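Here is what each chain is made of, one letter per residue.
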Amino acid sequence: MIGQENMKIVSHQEIAANIFELVLEGELTKKMTSPGQFVHLKVTSGNDPLLRRPISICSINQEMNQFTMLYRVSGNGTKVLSERAPGAVVHVLGPLGNGFPDDYLKEGEQALLIGGGIGVPPLYELSKRLVHKGVHVTHILGFQTESDMFYKNEFEKLGETHIATADGTHGVKGFVTDVAEQLSIQPDAYFTCGPSPMLKAVESKYETINGFISMEQRMGCGIGACLACVCHVAGDESGLKYKKVCSDGPVFKSGEVVI
Amino acid sequence: MIGQENMKIVSHQEIAANIFELVLEGELTKKMTSPGQFVHLKVTSGNDPLLRRPISICSINQEMNQFTMLYRVSGNGTKVLSERAPGAVVHVLGPLGNGFPDDYLKEGEQALLIGGGIGVPPLYELSKRLVHKGVHVTHILGFQTESDMFYKNEFEKLGETHIATADGTHGVKGFVTDVAEQLSIQPDAYFTCGPSPMLKAVESKYETINGFISMEQRMGCGIGACLACVCHVAGDESGLKYKKVCSDGPVFKSGEVVI
Amino acid sequence: MSRLQVELPGLTLKNPVMPASGCFGFGKEYSQFYDLSLLGAIMVKATTREVRFGNPTPRVAETSSGMLNAIGLQNPGLDHVLQHELKWLEQYDVPVIANVAGSTIEDYEQVAEAISKAPNVHALEINISCPNVKEGGIAFGTHPDTARELTEKVKRVSSVPVYIKLSPNVSSITEMAYAVEEGGADGLSMINTLLGMRLDSRTGKPVIANKTGGLSGPAIKPVALRMVYEVSQKTTLPIIAMGGVSDEMDVIDFISAGASAVAVGTANFVDPLVCPEIIKNLNNILEEWEIEHIHDLRGRSWKDIGEAAYHRS
Amino acid sequence: MSRLQVELPGLTLKNPVMPASGCFGFGKEYSQFYDLSLLGAIMVKATTREVRFGNPTPRVAETSSGMLNAIGLQNPGLDHVLQHELKWLEQYDVPVIANVAGSTIEDYEQVAEAISKAPNVHALEINISCPNVKEGGIAFGTHPDTARELTEKVKRVSSVPVYIKLSPNVSSITEMAYAVEEGGADGLSMINTLLGMRLDSRTGKPVIANKTGGLSGPAIKPVALRMVYEVSQKTTLPIIAMGGVSDEMDVIDFISAGASAVAVGTANFVDPLVCPEIIKNLNNILEEWEIEHIHDLRGRSWKDIGEAAYHRS
Ligand SMILES: Cc1cc2nc3c(=O)[nH]c(=O)nc-3n(C[C@H](O)[C@H](O)[C@H](O)COP(=O)(O)OP(=O)(O)OC[C@H]3O[C@@H](n4cnc5c(N)ncnc54)[C@H](O)[C@@H]3O)c2cc1C
Ligand SMILES: Cc1cc2nc3c(=O)[nH]c(=O)nc-3n(C[C@H](O)[C@H](O)[C@H](O)COP(=O)(O)OP(=O)(O)OC[C@H]3O[C@@H](n4cnc5c(N)ncnc54)[C@H](O)[C@@H]3O)c2cc1C
Ligand SMILES: Cc1cc2nc3c(=O)[nH]c(=O)nc-3n(C[C@H](O)[C@H](O)[C@H](O)COP(=O)(O)O)c2cc1C
Ligand SMILES: Cc1cc2nc3c(=O)[nH]c(=O)nc-3n(C[C@H](O)[C@H](O)[C@H](O)COP(=O)(O)O)c2cc1C
Ligand code: FES
Ligand code: FES
Chain A
7 MIGQENMKIV
17 SHQEIAANIF
27 ELVLEGELTK
37 KMTSPGQFVH
47 LKVTSGNDPL
57 LRRPISICSI
67 NQEMNQFTML
77 YRVSGNGTKV
87 LSERAPGAVV
97 HVLGPLGNGF
107 PDDYLKEGEQ
117 ALLIGGGIGV
127 PPLYELSKRL
137 VHKGVHVTHI
147 LGFQTESDMF
157 YKNEFEKLGE
167 THIATADGTH
177 GVKGFVTDVA
187 EQLSIQPDAY
197 FTCGPSPMLK
207 AVESKYETIN
217 GFISMEQRMG
227 CGIGACLACV
237 CHVAGDESGL
247 KYKKVCSDGP
257 VFKSGEVVI
Chain B
7 MIGQENMKIV
17 SHQEIAANIF
27 ELVLEGELTK
37 KMTSPGQFVH
47 LKVTSGNDPL
57 LRRPISICSI
67 NQEMNQFTML
77 YRVSGNGTKV
87 LSERAPGAVV
97 HVLGPLGNGF
107 PDDYLKEGEQ
117 ALLIGGGIGV
127 PPLYELSKRL
137 VHKGVHVTHI
147 LGFQTESDMF
157 YKNEFEKLGE
167 THIATADGTH
177 GVKGFVTDVA
187 EQLSIQPDAY
197 FTCGPSPMLK
207 AVESKYETIN
217 GFISMEQRMG
227 CGIGACLACV
237 CHVAGDESGL
247 KYKKVCSDGP
257 VFKSGEVVI
Chain C
7 MSRLQVELPG
17 LTLKNPVMPA
27 SGCFGFGKEY
37 SQFYDLSLLG
47 AIMVKATTRE
57 VRFGNPTPRV
67 AETSSGMLNA
77 IGLQNPGLDH
87 VLQHELKWLE
97 QYDVPVIANV
107 AGSTIEDYEQ
117 VAEAISKAPN
127 VHALEINISC
137 PNVKEGGIAF
147 GTHPDTAREL
157 TEKVKRVSSV
167 PVYIKLSPNV
177 SSITEMAYAV
187 EEGGADGLSM
197 INTLLGMRLD
207 SRTGKPVIAN
217 KTGGLSGPAI
227 KPVALRMVYE
237 VSQKTTLPII
247 AMGGVSDEMD
257 VIDFISAGAS
267 AVAVGTANFV
277 DPLVCPEIIK
287 NLNNILEEWE
297 IEHIHDLRGR
307 SWKDIGEAAY
317 HRS
Chain D
7 MSRLQVELPG
17 LTLKNPVMPA
27 SGCFGFGKEY
37 SQFYDLSLLG
47 AIMVKATTRE
57 VRFGNPTPRV
67 AETSSGMLNA
77 IGLQNPGLDH
87 VLQHELKWLE
97 QYDVPVIANV
107 AGSTIEDYEQ
117 VAEAISKAPN
127 VHALEINISC
137 PNVKEGGIAF
147 GTHPDTAREL
157 TEKVKRVSSV
167 PVYIKLSPNV
177 SSITEMAYAV
187 EEGGADGLSM
197 INTLLGMRLD
207 SRTGKPVIAN
217 KTGGLSGPAI
227 KPVALRMVYE
237 VSQKTTLPII
247 AMGGVSDEMD
257 VIDFISAGAS
267 AVAVGTANFV
277 DPLVCPEIIK
287 NLNNILEEWE
297 IEHIHDLRGR
307 SWKDIGEAAY
317 HRS
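If you're matching them up, the sequences are chains A, B, C and D in order.
Residue numbering for the first sequence follows this note's numbering, starting at 7 and increasing by one per position.
Residue numbering for the second sequence follows this note's numbering, starting at 7 and increasing by one per position.
Residue numbering for the third sequence follows this note's numbering, starting at 7 and increasing by one per position.
Residue numbering for the fourth sequence follows this note's numbering, starting at 7 and increasing by one per position.
No wet-lab data here; the hints were simulated from the structure.
As the structure is a prediction and not an experimental result, all values here were calculated from the model.
Glycine residues also receive a C-beta, built at the ideal position from the N, C-alpha and C atoms.
Heads up, some of the hints might be wrong.
As the list claims (entries may be wrong) - Computed list of lysine-lysine pairs in DSSO-like fashion (alpha-carbon distance at most 30 Å, straight line):
no.: 1; chain 1: D; residue 1: Lys286; chain 2: A; residue 2: Lys85
no.: 2; chain 1: B; residue 1: Lys247; chain 2: D; residue 2: Lys34
no.: 3; chain 1: C; residue 1: Lys309; chain 2: D; residue 2: Lys211
no.: 4; chain 1: C; residue 1: Lys34; chain 2: A; residue 2: Lys37
no.: 5; chain 1: A; residue 1: Lys134; chain 2: A; residue 2: Lys179
no.: 6; chain 1: D; residue 1: Lys211; chain 2: C; residue 2: Lys217
no.: 7; chain 1: A; residue 1: Lys249; chain 2: C; residue 2: Lys93
no.: 8; chain 1: A; residue 1: Lys85; chain 2: A; residue 2: Lys37
no.: 9; chain 1: D; residue 1: Lys240; chain 2: C; residue 2: Lys217
no.: 10; chain 1: C; residue 1: Lys240; chain 2: D; residue 2: Lys217
no.: 11; chain 1: D; residue 1: Lys93; chain 2: B; residue 2: Lys247
Claimed, not checked - Non-contacting residues of chain A with respect to chain B, defined by C-beta distances greater than 10 Å in every case (computed):
no.: 12; residue: Ala23
no.: 13; residue: Met70
no.: 14; residue: Asn82
no.: 15; residue: Val86
no.: 16; residue: His97
no.: 17; residue: Gly114
no.: 18; residue: Gly123
no.: 19; residue: Asp173
no.: 20; residue: Phe181
no.: 21; residue: Gln192
no.: 22; residue: Ser202
no.: 23; residue: Pro203
no.: 24; residue: Ala240
no.: 25; residue: Asp254
Isolated chain A, as found in the complex:
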């Protein structure tokens, strides 16, 4: 069930260049069950910015009633958000959408988690859960450059973690798929989130196995009513079938929608 709450900022800090880690506290946390779901934030009261901003849940701490998001300051809304101090409240609508299944793989199977840039955060809660179930996880995380990189240590604690940077300042120079080429493991399924070109490349590289792909789209309502966020259904020749990223996704099975 979707809820709404004015949640308190318990911590808020810049963890990489323009990347912020925001921890919120409140009862709404109880409803957050699936990794890969997102929340819709009203970054400030008033009409500018007007709309909510979709941000993925990065990790959930049920005991403390807290959850964490990581976001990049990219435009006006995230800039205003980044200026909010601990103690202030942020209005949260969520959790929204369908996340990554954490029961698709069984104990002992091999998962490959591939994240690009600000698509990395939702993979963190997923990885924790997979590891908890005894699934082997391997991470490939791609960034533009070293100063953009975040949560490397956190992921390394959960499993093998490979870094790619576009400019070669850390790890492999190139893209996540360049790292994938060199991997010896044979994953039983992959889980990916990041920019569309990356998602496309990942989907075609792993054509033969199943995967779960988290999509991004500009949103209005975030709950499935406004049809801002639709994508085409794969293989639909009529061009009339669609899925809503906000409520049917953001996570889809590989081959389900047109990236």
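With chain A held as given, fit chains B, C and D with the ligands onto it using these hints.
What follows is chains B, C and D with the ligands alone, placed relative to chain A:
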């Protein structure tokens, strides 16, 4: 000279129902010399609220580099302002306009200061200065009701202070002019700020002596460029002459403009 | 009669507040948040004869105090709307206002005739003002003669009262109102979105795939209010007003300008519970102001209707 | 030629940034804050033949991300403007664009003829779009034939190039642009304010004494941008664009939409130093993006003008 500065909130508290006392600190204070001038505040960054808000200077503390304003939460802008916490900055443009002359009366002469509601604040710095010069001051302060009343003690420290409330919950029941009727003193000049009907009543009651009247008008620029805040010149039959409240005022000599 | 109940051609509204077309789908998503029977009515998403995918994405962009959209009338088509969406809505005690769109006059006639027969459709809202489709839409909404003709033809085939939704992208909104009044409209709904655009400052290219889009939200409220003020003084048609409504004071403003009821669009995206909250607060404030009926405030911006309609305290 | 220098009919601008008419008086007040010679040009307050007091107060009201004004063309009249205001401005090295208004075509002719002879007036901006006066103003700006005729007559008597200021309150801004192009205009300036209104929610009465007013500020930027985008693709006239500009990215957006220069209105009230700040930041960002000249970006929203005009990093 008008200046601009991001000034720090050093204290901010509700001192009566919906009346806030805001103390700001910064170099701009040095430019504040005349009681009755105002500042133009940008209450928050972003475009909503968009325009600045004119607020009178209530008292100036040159040693501490601080000045105080008192304001009433009346609409969206003042509401947003009231939510800003100490430590935050507010962008200030000022000081603006022409204030009350503090050298019009000589030592030993009698001043009558009449304030209505949120017109009371600018009289406070004025009163301090008059007292400092050895002028005798008498205050008449009008409020809707007792819970709206503020700064009674502060004014009492400076001189005789009479309160009128519209509903009689404190002091005389009625208007400031009702108190004036009963006064035994004969002022050498009056100084007044408040709602227009009050200003009109005061001006006609004291037709025979000189006074200084602080006007209010909705403003755009606050510096004399947009012509939002004009008023007619008294006695001008052409109807074409005008004064700008922001830059020619807000304080005018009695009989100078049409209230 | 309760303080908020409003009678309009074809419609008995519990209160004058309803979601605006396109901002509420066919109600399903919002039914997760509250009981739809609380609403005065529901203006459902535009329905066309055939199923439509609409425009490519991105379809929305934010602007200062507003948003642009170019959904492009995506909808499952007349048959599906009748058999599924409207059917589903029958479980609620709430009148539906069906929003009708098309590319040709025949399209409008066909949809209007069929959809007006649905048991819970109590009125039609004819969308001659969608700025986001190549054919039809706004083309009908900016030419008085075409608008009049369309109104006449739709009226002829509709079994329920017809409200024409006006476009603000015109030199004279009053002229458009006159035209559809002559055409036999039972009421007006206004305004649809203002045509606008946003560019990505870095690339210089439009953010929205359709390039331009319709501007909605608080940014357009002053324009909407002015248009309702103008039109309500010139025609006798009841007006369902919209444009930037997000709280009960906005509703009061539009009623004061001359509207009979008010729709809430973009604000639903900001707060899914906004409609029931407005309804509750509206009732409270009228009580506080001792206004017996919401319509005591109607048109008070231009009518001299005495103390009763003013704030008392 | 420097990165920001722009050549337009009658005007050599150091940079494409200037204050918009009515938002800067005749410059005196802002000269307290910075050297006016920094500006690309100055669009001064509307001048009419006779002195005008304008509308009663209140004349402004705030709206979400915007403001309404109904100043009503208050100005000291042609003679005073010539002898005092323009004279005073001669001390600055900055071209003046004189904004001309009136109630009749003859008014416009008379003011245009006289004011265009002032040595520092390099162009006229003919205000056929003021929404706040009963006669003239917007009436000329919403009828193509009248606009064409007015343009022809003003052109005949003016000794400097003539820019016509278009109103956004029309069904087709392109039609208006065509009309004044036919009439012989040298350029366009757009947009003036959108007609809007605000009510006091408690009393239900208009906040502005004139009842309606012109909406400006960031709220209208999407509408202004769309209109510049449309018109610049259809006419060859250079466009001085305005509507909600408050930073260098807004300037870039309007140039990308097809404008040649940009005016800043309401933003001056928010920050008196906004114009010189925009000019400085604009230069910096073009340098960072390795754009040789601001006009390399012109029209890139609809032109395919290659990599050079895109953000490189
Ligand atoms: C399901 C989902 C999950 C996301 N999770 C994260 C996350 O965990 N961390 C993170 O940093 N970002 C995430 N994003 C992207 C994030 O929503 C945008 O970066 C953010 O909305 C930009 O807002 P802004 O005001 O800073 O930018 P502006 O460009 O000023 O925003 C203007 C409008 O465009 C929308 N918008 C702009 N960029 C995007 C985008 N990439 N995707 C969707 N809408 C956009 C905004 O929501 C807003 O409505 C997610 C997006 C989606 C759809
Ligand atoms: C010279 C001067 C000095 C002032 N000093 C004080 C003071 O010391 N303390 C105080 O509480 N108030 C003072 N005011 C009034 C104060 O400016 C308004 O109450 C305030 O601007 C309201 O803003 P808002 O956003 O809360 O209201 P809203 O109604 O939301 O404001 C909308 C717009 O109207 C303008 N506005 C609304 N009411 C007034 C008003 N009464 N006068 C001028 N503009 C108005 C706002 O500035 C804004 O542009 C002064 C006004 C002037 C002109
Ligand atoms: C995402 C979106 C979709 C819309 N779809 C429709 C539609 O299908 N039919 C219609 O008549 N109006 C449509 N509109 C216009 C709204 O019904 C309304 O007229 C407009 O948004 C102004 O109201 P607001 O400012 O409250 O949003 C749509 C608006 C938005 C924002
Ligand atoms: C207070 C005010 C006064 C104005 N006066 C004039 C005027 O005299 N002549 C004119 O052509 N435009 C006038 N305008 C319109 C502006 O020049 C400009 O076209 C409009 O405000 C849009 O730009 P902005 O959003 O940057 O303010 C005025 C605008 C404002 C806000
Ligand atoms: S964002 Fe509205 S349907 Fe997905
Ligand atoms: S507020 Fe602009 S002239 Fe006074």
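Each hint, compared with the structure:
{"no.": "1", "hint": "Lys286/D x Lys85/A", "result": "22 Å, holds"}
{"no.": "2", "hint": "Lys247/B x Lys34/D", "result": "19 Å, holds"}
{"no.": "3", "hint": "Lys309/C x Lys211/D", "result": "10 Å, holds"}
{"no.": "4", "hint": "Lys34/C x Lys37/A", "result": "21 Å, holds"}
{"no.": "5", "hint": "Lys134/A x Lys179/A", "result": "27 Å, holds"}
{"no.": "6", "hint": "Lys211/D x Lys217/C", "result": "38 Å, violated"}
{"no.": "7", "hint": "Lys249/A x Lys93/C", "result": "22 Å, holds"}
{"no.": "8", "hint": "Lys85/A x Lys37/A", "result": "27 Å, holds"}
{"no.": "9", "hint": "Lys240/D x Lys217/C", "result": "16 Å, holds"}
{"no.": "10", "hint": "Lys240/C x Lys217/D", "result": "16 Å, holds"}
{"no.": "11", "hint": "Lys93/D x Lys247/B", "result": "21 Å, holds"}
{"no.": "12", "hint": "Ala23", "result": "22 Å, holds"}
{"no.": "13", "hint": "Met70", "result": "25 Å, holds"}
{"no.": "14", "hint": "Asn82", "result": "8 Å, violated"}
{"no.": "15", "hint": "Val86", "result": "7 Å, violated"}
{"no.": "16", "hint": "His97", "result": "14 Å, holds"}
{"no.": "17", "hint": "Gly114", "result": "53 Å, holds"}
{"no.": "18", "hint": "Gly123", "result": "27 Å, holds"}
{"no.": "19", "hint": "Asp173", "result": "33 Å, holds"}
{"no.": "20", "hint": "Phe181", "result": "37 Å, holds"}
{"no.": "21", "hint": "Gln192", "result": "51 Å, holds"}
{"no.": "22", "hint": "Ser202", "result": "30 Å, holds"}
{"no.": "23", "hint": "Pro203", "result": "33 Å, holds"}
{"no.": "24", "hint": "Ala240", "result": "41 Å, holds"}
{"no.": "25", "hint": "Asp254", "result": "33 Å, holds"}
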